[in-house]
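Just need the whole structure built from these sequences, with the hints factored in.
Residues per chain are reported as follows:
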Amino acid sequence: MPVTNSPRTLFDKIWDDHVVERLEDGTCILYIDRHLVHEVTSPQAFEGLRLSGRRVRRPDATVAVVDHNVPTSDRSKPIEEPESRLQIETLEKNVAEFGVPYFPLRSASQGIVHVVGPEQGISLPGMTIVCGDSHTSTHGALGSLAFGIGTSEVEHVLATQTILQKPAKNMRVSVEGKVGPGVTAKDIMLAIIGRIGTAGGTGHVIEFAGSAIRDLDMAGRMTLCNMSIEAGARAGLVAPDETTFTYVKGRPFAPKGEAFEQACDYWRSLASDDGAYFDTEVTLAAEEIVPSITWGTSPQDVLPITGSVPSSSDVADPARAAQIQRALDYMGLEAGQMIAGTPVDVVFIGSCTNSRLEDLRAAADVVRGRHVAEGVRAMIVPGSGLVKHAAEAEGLDKVFLDAGFEWREAGCSMCLGMNPDRLTPGQRCASTSNRNFEGRQGPGGRTHLCSPAMAAAAAVTGRLCDVRELVKETV
Amino acid sequence: MDKFTELTAIAAPMPTENIDTDQIIPARFLKTIQRTGLGKNAFAAQRYDADGNEKPDFVLNQEPYRHAEILITYDNLGCGSSREHAPWALLDFGIRCVIAPSFADIFFNNCFKNGILPIRLPREICDELMGDARQGANSRLTVDLERQVIVRPNGETIAFDVDPFRRHMLLEGLDDIGQTMAHDAEITSFEHRPSRAWVPSITIGTVK
Numbered sequence: 000m001p002v003t004n005s006p007r008t009l010f011d012k013i014w015d016d017h018v019v020e021r022l023e024d025g026t027c028i029l030y031i032d033r034h035l036v037h038e039v040t041s042p043q044a045f046e047g048l049r050l051s052g053r054r055v056r057r058p059d060a061t062v063a064v065v066d067h068n069v070p071t072s073d074r075s076k077p078i079e080e081p082e083s084r085l086q087i088e089t090l091e092k093n094v095a096e097f098g099v100p101y102f103p104l105r106s107a108s109q110g111i112v113h114v115v116g117p118e119q120g121i122s123l124p125g126m127t128i129v130c131g132d133s134h135t136s137t138h139g140a141l142g143s144l145a146f147g148i149g150t151s152e153v154e155h156v157l158a159t160q161t162i163l164q165k166p167a168k169n170m171r172v173s174v175e176g177k178v179g180p181g182v183t184a185k186d187i188m189l190a191i192i193g194r195i196g197t198a199g200g201t202g203h204v205i206e207f208a209g210s211a212i213r214d215l216d217m218a219g220r221m222t223l224c225n226m227s228i229e230a231g232a233r234a235g236l237v238a239p240d241e242t243t244f245t246y247v248k249g250r251p252f253a254p255k256g257e258a259f260e261q262a263c264d265y266w267r268s269l270a271s272d273d274g275a276y277f278d279t280e281v282t283l284a285a286e287e288i289v290p291s292i293t294w295g296t297s298p299q300d301v302l303p304i305t306g307s308v309p310s311s312s313d314v315a316d317p318a319r320a321a322q323i324q325r326a327l328d329y330m331g332l333e334a335g336q337m338i339a340g341t342p343v344d345v346v347f348i349g350s351c352t353n354s355r356l357e358d359l360r361a362a363a364d365v366v367r368g369r370h371v372a373e374g375v376r377a378m379i380v381p382g383s384g385l386v387k388h389a390a391e392a393e394g395l396d397k398v399f400l401d402a403g404f405e406w407r408e409a410g411c412s413m414c415l416g417m418n419p420d421r422l423t424p425g426q427r428c429a430s431t432s433n434r435n436f437e438g439r440q441g442p443g444g445r446t447h448l449c450s451p452a453m454a455a456a457a458a459v460t461g462r463l464c465d466v467r468e469l470v471k472e473t474v
Numbered sequence: 000m001d002k003f004t005e006l007t008a009i010a011a012p013m014p015t016e017n018i019d020t021d022q023i024i025p026a027r028f029l030k031t032i033q034r035t036g037l038g039k040n041a042f043a044a045q046r047y048d049a050d051g052n053e054k055p056d057f058v059l060n061q062e063p064y065r066h067a068e069i070l071i072t073y074d075n076l077g078c079g080s081s082r083e084h085a086p087w088a089l090l091d092f093g094i095r096c097v098i099a100p101s102f103a104d105i106f107f108n109n110c111f112k113n114g115i116l117p118i119r120l121p122r123e124i125c126d127e128l129m130g131d132a133r134q135g136a137n138s139r140l141t142v143d144l145e146r147q148v149i150v151r152p153n154g155e156t157i158a159f160d161v162d163p164f165r166r167h168m169l170l171e172g173l174d175d176i177g178q179t180m181a182h183d184a185e186i187t188s189f190e191h192r193p194s195r196a197w198v199p200s201i202t203i204g205t206v207k
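In the order they appear, the protein sequences are chains F and W. Each residue of the first sequence is one higher than the last, beginning at 0 in numbering that gives the first Met the number 0. Each residue of the second sequence is one higher than the last, beginning at 0 in numbering that gives the first Met the number 0.
One or more of the hints may lead you astray.
[Unchecked claim] Lysine-lysine pairs mimicking DSS-like chemistry, simulated, CA-CA at most 27 Å apart: (1) W:K54 - W:K30; (2) F:K12 - F:K165; (3) W:K39 - F:K165; (4) W:K54 - F:K76; (5) F:K255 - F:K12; (6) F:K92 - W:K30; (7) F:K248 - F:K12.
Derived by calculation from the structure, the hints in this document are not laboratory data.
Here is the structure:
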């Protein structure tokens with residue numbers, strides 16, 4: 000561990016505390032505190048261990064879930080798609096053989112890996128956390144260094160509990176001030192991505208700071224860090240504070256009693272020092288952020304809901320112009336049209352970005368007393384069995400069901416359509432997920448990313464619309 | 000992993016930014032439990048129509064590019080999902096080298112782990128190499144990792160940077176895991192540091 004008196008960032012401190020060894024060229028063997036595993040990116044890694052006669056070094060630091068492939072409807076029947084079933088069965092065989100703790104489909108706590116980790120207290124501040132999934136950045140909301148890895152690295156972590164990496168650059172994105180009504184963490188993050196672009200964070204770890212970030216609850220901070228990868232960053236971080244400690248306290252796998260208090264002291268010491276160096280700094284004014292929506296096929300194609308769709312003639316670079324035209328054609332939009340008023344076919348409220356209890360409450364606040372518009376399919380997919388249970392205890396299921404929403408079981412669902420929840424070609428969807436890539440939610444599907452409140456507003460009006468107009472009516 | 004030393008091959012030009020890993024291999028093909036066999040579905044949405052027929056205007060459906068072993072694109076290649084199925088699909092198609100002005104971090108890393116060499120070069124140079132690639136089957140690029148140069152069909156050489164550790168691993172076709180396991184004593188000693196006492200263990204019986 001390098002001993003230094005110069006001011007360090009939150010990232011620097013977590014990094015320094017996990018370096019096992021620095022190799023000649025600066026590559027570090029970095030210790031990993033938590034390895035989360037799911038069915039899609041792990042089978043080849045376990046097979047690799049088996050072929051080389053290796054074991055899982057730290058089963059007690061590893062947790063497996065099923066989420067990507069699982070049906071979100073009736074689970075009393077066997078899984079229909081044979082390949083999905085095989086992937087799940089393969090995970091079950093692997094966790095049994097290698098002794099890895101596992102949340103099976105039948106568990107009341109099953110859910111999306113990035114919802115389950117924080118919810119169970121498996122993911123904690125100050126930790127290094129990896130998972131074979133790019134949205135592992137979510138866990139950075141706790142003040143942990145969390146990033147997605149490929150399957151070869153999954154195998155490397157299973158075998159050695161470390162990964163090989165060089166330190167990232169530091170970026171700080173500060174959002175100062177107070178957001179207006181109807182503006183959520185999702186809108187803040189879309190605004191950030193719209194500003195810096197999908198490659199803006201490449202090679203960096205982003206620390207989110209400023210009063211608007213400190214004001215966010217943990218669910219909001221998770222939404223923010225979740226989409227750090229959509230800004231190209233290796234990871235996102237929020238400094239752990241009293242909001243974090245209150246959230247962590249009492250969770251099943253969190254430290255208890257005196258151990259918890261000692262851990263809090265350590266976690267408090269991790270905040271970036273005054274004068275710490277950031278390679279890149281970006282500042283946004285919270286007051287200027289409005290409810291946002293994407294119009295195109297990249298998360299940086301962001302508009303305020305009051306805005307209009309760009310034209311290929313807006314840009315000089317021919318490659319960029321061609322890309323705008325391709326996105327317009329794919330999305331079935333006309334250059335210059337107002338984005339509000341565009342009719343939707345499907346509304347998806349769920350995913351590791353926005354499927355927590357707070358997200359469902361925000362959607363329910365818009366839906367209450369209204370009904371899903373004629374011809375729109377609207378679905379709610381809670382992030383975990385525990386989120387679903389808690390929402391039902393508050394009667395949110397009734398709000399959604401009475402309004403004509405589908406109330407489903409936990410999983411990744413229509414965020415990426417690996418299970419039967421998919422868009423059909425040409426269908427337009429207001430979605431609380433994280434990626435609007437071509438074909439992401441199903442071949443030919445058209446995705447507009449937005450907050451749970453905005454998605455709920457689209458469901459009840461049948462169109463992309465400004466949620467503030469609906470909220471105004473009910474105030 | 001296969002070694003990467005020198006490659007002389009056809010290059011396919013794809014002058015597009017932000018080619019994401021969902022494009023390289025759509026999610027519905029991630030249900031395999033193997034690393035091989037994904038090549039036929041690489042770029043599936045751009046390569047095939049709804050009936051599964053090849054779209055003739057897509058570069059990898061054209062001669063000579065259906066035999067390409069090098070891919071040249073614009074910025075931010077491999078953004079999005081961490082799926083290693085993306086480099087597996089490229090490798091299974093036959094791609095051993097990808098050239099772009101910039102890459103997404105996880106994809107960049109995943110390439111090295113599979114014997115694919117990712118090379119960062121300025122956009123103007125990518126444009127020149129795409130120009131070479133458009134000259135057809137006799138116009139091959141040579142990528143020499145030992146010398147860290149690309150040799151153009153006109154004999155001109157273009158130098159490129161590569162991380163020394165990763166270069167070594169590629170040239171030798173080495174397995175990362177074996178290398179790291181040689182540091183087992185250091186890892187064990189790290190695990191026993193008193194400052195780590197607060198990190199709880201998760202045991203199998205405790206997950207419900």
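How the hints compare with the structure:
Under the criterion of a C-alpha separation no larger than 27 Å, the hint pairing W:K54 with W:K30 is consistent with the structure, at around 25 Å. Straight-line distance between C-alpha atoms of F:K12 and F:K165 comes to about 14 Å, which keeps the hinted pair within the 27 Å bound. Restraint check for W:K39 and F:K165: the C-alpha separation of about 34 Å exceeds 27 Å, so the hint is violated. Between W:K54 and F:K76, the direct Cα distance comes to roughly 39 Å. Violation of the 27 Å bound is thereby established for this hinted pair.
With a C-alpha separation of about 24 Å, the suggested pairing of F:K255 with F:K12 holds against the 27 Å cut-off. Only pairs whose Cα atoms come within 27 Å are accepted, and F:K92 paired with W:K30 is accepted, the gap being roughly 16 Å. Our distance criterion of 27 Å between C-alpha atoms is met by F:K248 and F:K12, whose separation comes to about 23 Å.
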